[in-house]
Every structure is written in C-alpha cells, then in structure tokens.
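The primary structure of each chain is shown beneath.
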Amino acid sequence: MPLDHRRVRGPEESQPPELWGGTRKDDEEDEDEAPRDPCALRPLFARAGLLSQAEGSAYLELGGGTKVLCAAWGPREAGELGATGGGQLLCEFRRAPFASRGARWRPGTAAEREAEREAAAALREALEPAVRLSRYPRARLAVSALLLQDGGSALAAAISAAALALADAGVEMYDLAVGCALCRSPGPAAPWMLQPAEPEEHRAVAQLTVALLPALNQVSAVLGGGQGSPPDAWAQALRLGIDGCHRLYPVLRQSLLRAARRRDAAA
Amino acid sequence: LSVCCRTVEPLEYYRRFLKENCRPDGRELGEFRATTVNIGKWGSITTADGSALVKLGNTTVICGVKAELAAPAVDSANKGYIVPNVELPSLCSTRFRSGPPGEEAQAASQFIADVIENSQMIAKEDLCIANGKLAWVLYCDIICLDYDGNILDASAFALLAALKNVQLPSVTINEETGLSEVNLKEKNPLIIRKHPVATSFAIFDDTLLIVDPTAEEEDLATGTVTIVTDDEDRLCSVHKPGGSPLTGAKLQDCITRAITRHKEVKKLIDKVIKSIKPK
Chain A
1 MPLDHRRVRG
11 PEESQPPELW
21 GGTRKDDEED
31 EDEAPRDPCA
41 LRPLFARAGL
51 LSQAEGSAYL
61 ELGGGTKVLC
71 AAWGPREAGE
81 LGATGGGQLL
91 CEFRRAPFAS
101 RGARWRPGTA
111 AEREAEREAA
121 AALREALEPA
131 VRLSRYPRAR
141 LAVSALLLQD
151 GGSALAAAIS
161 AAALALADAG
171 VEMYDLAVGC
181 ALCRSPGPAA
191 PWMLQPAEPE
201 EHRAVAQLTV
211 ALLPALNQVS
221 AVLGGGQGSP
231 PDAWAQALRL
241 GIDGCHRLYP
251 VLRQSLLRAA
261 RRRDAAA
Chain B
1 LSVCCRTVEP
11 LEYYRRFLKE
21 NCRPDGRELG
31 EFRATTVNIG
41 KWGSITTADG
51 SALVKLGNTT
61 VICGVKAELA
71 APAVDSANKG
81 YIVPNVELPS
91 LCSTRFRSGP
101 PGEEAQAASQ
111 FIADVIENSQ
121 MIAKEDLCIA
131 NGKLAWVLYC
141 DIICLDYDGN
151 ILDASAFALL
161 AALKNVQLPS
171 VTINEETGLS
181 EVNLKEKNPL
191 IIRKHPVATS
201 FAIFDDTLLI
211 VDPTAEEEDL
221 ATGTVTIVTD
231 DEDRLCSVHK
241 PGGSPLTGAK
251 LQDCITRAIT
261 RHKEVKKLID
271 KVIKSIKPK
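Protein chains in written order, with full-length UniProt numbering: chain A, 1 to 267; chain B, 1 to 279.
Isolated chain A, as found in the complex:
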C-alpha cells in the first residue's frame, strides 16, 4: 500500500473492537427489532445559512442520526464552456472518517476516492436539473457536502442539503431538489421502506434513492439497484419515494424562509 506522506502515520492495519465483541450486538438487534411502518418518515431538522465563509450553507439532520453539512458558492469564473454553453456545477461529497459505525473510513485510499467520486457524480445528476445553469454561462458553481454521521439515507440527505445550500447562496433554481431513500429487506414479500436507518440499510437487498423537484413534480434522479423483483415493485417503490419527497418539501421551504428572515434581521 503506498505511503500517505501527507497525513500523520498510524499502524498499518487496525480493526474496530466491534469485530471481537460483534456477535452479542447482532443478537440484541434482532430482539429489539419490531416491524416498522414502511411509509414512516424520520423527523428532519434543516437549517440554512449557518457557515460564515461560504455564500450559502445548509445543515440537515435525520432522526436516526444522519448529519450532513453542505456549503455552496455562487458563480465564479470557469475556464471552459459547460456542456451546453451554460454554467458548470461542480459537486463534492466527503465522508468524515468517524461517520460510519464500525471501522474508521480511511481517507486517502483508492477505495475512498472511488466512493467519493461516485457519490459526487450522483449528487450532480440530482442537482443539475434544478439549477438554471443557462443563466450562468462560462461560470462555475461549486457545492461541497460533508457527511458527519451516517445513520442511513446519507445520499438522499446530501441531495436535499445541497439544494438548500444552493438556494441559500442565491443561485437561481427552478426548484429545490428533495432526496428520499428507500430500501427493501431480504424476504419474499418484504415491503419497500422509506428512509432506512443504518442497520436496515446494512441488511437490505435492494436500495433506491429518488430525487424530486416537488413544485414541478419532476423526478431529477433515480439511483439504485439490487436484487431483482417484478417491475411493479420498483414502480411502487418509486411512487413511495416521490410521496416521501412531497412530504419533506414543506420542511425545507420553511428552513429557507427562516434563514432569509434571519439574514434580513441581521443586515
């Protein structure tokens, strides 16, 4: 493994203590598990406009412990033209090393870079339809998301946070992109569940993340995959996700309004 010269070196290999104390924990989880309402949404806390150095920022927290912080910057000069002559949206998605339960996520490894690039591409796919890029020709809009704690549905939370941050930065958008995640547990007739928590995601055989523009009722991104099931099941999952996004939309709008009022009061 190549040496990482830029970070303080630790031991070559280390294992989380859960590996040895692991079995007992799993038993406990099975006992506590009770079938939950598949359409239940976790409580969401959203706050926009909290970082001083970024033009727009948003912090999103989901009930089970997913915490995402996102910052956005308005148009800056870019070298080349975007794909269709409009502006470019650059997304970045980082995980904090302490974000996941269990082993520490090692920054600087190839696996980490791959995962981050994938997540950033997914984020971009979800946000691009929402932003009026044609209004910013030859300009670059940057969005950077940081996952502080992963309690399930991380990408969906990041999509919502990123859209909020862009709106907070004053970037012209068609609508806020709201993200919602779903997963299906193993079993023949297992239902699709909205906003899975981390243990559910871990056990899932199929996952789906839906990003919706609620006011326009248009889906901007559908990402996911897993074990096959009849197309109806996937269509039903999509509908469930869209419904979830619609229900989350008012919360995000409220947080934007509050941030705007706070900014007015401070100015």
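In case anyone wonders, no lab produced these hints; they're calculated from the structure.
From the three backbone atoms N, C-alpha and C, an ideal C-beta is built for every residue, glycine too.
One thing to keep in mind: the hints can contain errors.
To be verified - Not everything, but these chain B residues come out facing chain A in the computed CB check (under 10 Å):
{"no.": "1", "residue": "I62"}
{"no.": "2", "residue": "A67"}
{"no.": "3", "residue": "N85"}
{"no.": "4", "residue": "A113"}
{"no.": "5", "residue": "P169"}
{"no.": "6", "residue": "H239"}
{"no.": "7", "residue": "P241"}
{"no.": "8", "residue": "P245"}
Please build the complex by placing chain B on the supplied structure of chain A, with the hints as guidance.
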C-alpha cells in the same frame, strides 16, 4: 466609504482601529472571541467513540475520536498509538481546494501531534493492552467546518474535549486461546494526564500583539505565535513558524496571557463535562 477602504487598503483600515487599541469586530487587543463547546448527547457524533464541537467566534471545528485495535510497533511493544489528523475541507473556506491535505492542514496535523507528544497528554503505555500483541489506536480526526482564523487553538481544544469524552470498551486477552475478548458493555473513560491548551497571537508591524486572530487578521499579520501551556502553569511548547521577530519581553507577556487563558478554558471544559455527567 469604510467598506471600500476595507477591501482596497485593508492594512490601513486595520491600523486605524489598532491605534485606538481595538479591532473592527469590537474586541480589545487581548480579548478572545466567544467560545462554545458541545460534548455529549446534543450535537455529538454517536458513531465516534468520543466527539466534540468547538466554536471560537465563527471558526467551527469538530473532532471525532475512533478507537481501534492493532498490534503495537516492533520497537515500542508497550505503547499504543494516537493518530491525529486535521482536515481543512473545501467547505470551510474558499482558500482550500478539495483533494489531499494541503500545506496548512499538514502543518496543523503535525502541530497537534507535537502537542500530544510534548505535553504527555495521554501516556501511550496506558493504551497498551497486551505487551507486543494488542494495543489501542486512537484516530483523532479534526475537521474544520468554518474557517475564520485561529485554527490551531480550536483544534487543540476540540481534541481535548473529545478525548475527555471517549469511553473505551474493556478488552481482556483470554489466557488459553490467546484471543482477545471485547466487552462492549463495560466502558472505561480514557486516562488523560495533562490538559494542554493552545493560545495563538498574531504580530502586527513587528510590535503589536493581538490575541485570537480572525482569518482577515491572520492574512494581514506579519507573524503568528502559538503558546501551549498545561495544568501546572507550565509551558509545553512555543510554535513560531517564522514571521517577524519578537522580543523576549513580549514573548514572556504572551506566555503569561496563555496561562490565564488556560484557566478559562479548563473551567469551561470542566463545566461542560459536569453538565453531561448524569448519563
């Protein structure tokens, strides 16, 4: 007019304030920004073994400590590891690009590693479970969420607060099988021997010292100096990376102020720890 002056001639703008012995944000030269620290249930990271969020004015730093098990190094068989890592992601400020850690992040990581080493904050021998076979590794990841100057103070403070919050599960080595057994239910707090606190100063025009600089002040300053003191009013380290020279008397003044600051910070940490105790 003042806004134009600030962008066009920032140094002149600052000098006008310094002449009146105050700063643009209303502080005195020796005054610190409002410090808040968050440990425990609210605002903490439950996936990490210990965490803390520190705000020094606008500068926000979060520290998460994850404890893992590893074999000790061959040349120090009775010592564990503490691996600090300071990250300045692009989201905290426009001056940082995304990608591998830049110069400032690397310098900050090394500074924190030195503070841990020099102050003997945690004895590495305490982290060893079985000589030569098993030891704890404490990965301390410090991430800056909002960069408004004085990152070293905030990082050191966040690290201290997070380490005070760490609970390690008890590990025993089974004599017969030689395997380790981890009891996740039984947790012991980390033994922290010393509490080092860093205080940073910025030097203006080779003579004036201001405490707790913001990002703007750091850019205009001609030098910076960071003093780390520990519990018994002793000096742990002085970090002065170049910059304008400082007389001995001024340095002594910095050290005295750092000692006062240490008491304030220690009181704040103790208060916060006590408030989360009945867990």
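Checked hints:
Taking 10 Å as the C-beta cut-off, the interface hint given for B/I62 holds, the closest approach to chain A being about 7 Å. Proximity of B/A67 to chain A holds as hinted, the smallest CB-CB distance being about 7 Å (cut-off 10 Å). The beta carbon of B/N85 comes within 5 Å of a beta carbon in chain A, closer than 10 Å, and the hint placing it at the interface holds. The interface hint given for B/A113 holds, since its Cβ lies 5 Å from the closest Cβ of chain A, which is under the 10 Å cut-off.
Annotation: interface hint on B/P169 holds; nearest CB of chain A at approximately 5 Å, less than 10 Å. Residue-level restraint check for B/H239 is violated (minimum Cβ-Cβ distance to chain A is 16 Å; threshold 10 Å). At about 18 Å, the closest approach between the beta carbon of B/P241 and any beta carbon in chain A exceeds 10 Å, and the interface hint on this residue is violated. At about 30 Å, the closest approach between the beta carbon of B/P245 and any beta carbon in chain A exceeds 10 Å, and the interface hint on this residue is violated.
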